[in-house]
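Those protein sequences? They're chains D and A, same order as listed.
Taking the numbering used here, the leading residue of the first sequence gets 1, the next gets one more, and so forth.
Taking the numbering used here, the leading residue of the second sequence gets 1001, the next gets one more, and so forth.
Just so you know, not all the hints are guaranteed correct.
Quick list of in silico lysine to aspartate or glutamate cross-link-like pairs, EDC-like style, CA-CA up to 20 Å [claimed, not checked]:
| no. | chain 1 | residue 1 | chain 2 | residue 2 |
| --- | --- | --- | --- | --- |
| 1 | A | 1118 | D | 63 |
| 2 | A | 1118 | D | 64 |
| 3 | A | 1137 | A | 1050 |
| 4 | A | 1118 | A | 1135 |
| 5 | A | 1118 | A | 1050 |
| 6 | A | 1118 | D | 31 |
| 7 | A | 1137 | A | 1037 |
| 8 | A | 1118 | A | 1037 |
| 9 | A | 1118 | D | 60 |
| 10 | A | 1118 | A | 1128 |
| 11 | A | 1118 | A | 1138 |
| 12 | A | 1118 | A | 1086 |
To be clear, the hints were calculated from the coordinates, so they are not data collected in a lab.
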Amino acid sequence: MRIRYFAWLRQRTGLAEEEVEPPAEVRTVADLKRWLGSRHPRFAETLAATGVVRCAVNQEYAEDDTPLGREDEVAFFPPVTGG
Amino acid sequence: MIRVLGEPFDPAAEIARFAADRRDVGGIATFVGRVRDRAGDVRIRAMTLEHYPGMTERQLARIEAEARRRWPLLDCLVIHRYGRMEPGEPIVLVATASAHRRAALEACAFLIDWLKTKAPFWKLEETERGSQWVEAKEADDAAAARWQEKTAG
């Protein structure tokens, strides 16, 4: 699974992207956030900014209960500010 | 048509070319967004737009398709910059063409309101006090929600 981080999430995690192999019990976006957060407190803090962090799965907007597959691309980012 | 550019563009030249060879167009509406030189009382030296390549094009294409579904557009153009820009430089151009003005004007407003809340771009401002990420405004969500209520009602 490929994870991508944008804007201040990229700066705070210090990563633009990473390849991960989460355990089988990681089935949803919420599961993934918990698992990513368990690896490092900085990730936990960043991803737990509830109501702030947005998520996309395979480049479509996703919610906490969106199911995940092993080959998915998952992105975390703040609310968008284009235009 | 959607274009996501890393290089400067000329809105006047784009607008001059837009729907130029069509004779059924009675109205063209355009919106140009530019980099301001201040945020409140803080001077902005430059702005860098980060985006999510792939998802950006996908979301913009979806927004364009939605505008074409709602209004009888004869042509539609969205150009959005990414990368570093200085005050005065254009960030975004939206142009819509229709037989009559109302569809063109409404679709243009819809497109800019929606892309501000859906297209994955993030603005980083360079100021005298350092760099800061621009925060999303509730007013932008409200502007986009206005169009949702319209379809629901």
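So, going through the hints one by one against the coordinates:
no.: 1; hint: A/1118 to D/63; in the structure: 14 Å, holds
no.: 2; hint: A/1118 to D/64; in the structure: 18 Å, holds
no.: 3; hint: A/1137 to A/1050; in the structure: 18 Å, holds
no.: 4; hint: A/1118 to A/1135; in the structure: 14 Å, holds
no.: 5; hint: A/1118 to A/1050; in the structure: 14 Å, holds
no.: 6; hint: A/1118 to D/31; in the structure: 24 Å, violated
no.: 7; hint: A/1137 to A/1037; in the structure: 18 Å, holds
no.: 8; hint: A/1118 to A/1037; in the structure: 25 Å, violated
no.: 9; hint: A/1118 to D/60; in the structure: 10 Å, holds
no.: 10; hint: A/1118 to A/1128; in the structure: 30 Å, violated
no.: 11; hint: A/1118 to A/1138; in the structure: 13 Å, holds
no.: 12; hint: A/1118 to A/1086; in the structure: 24 Å, violated
When held up to the earlier numbered hints, the structure conflicts with 6, 8, 10, 12 and fits the remainder.
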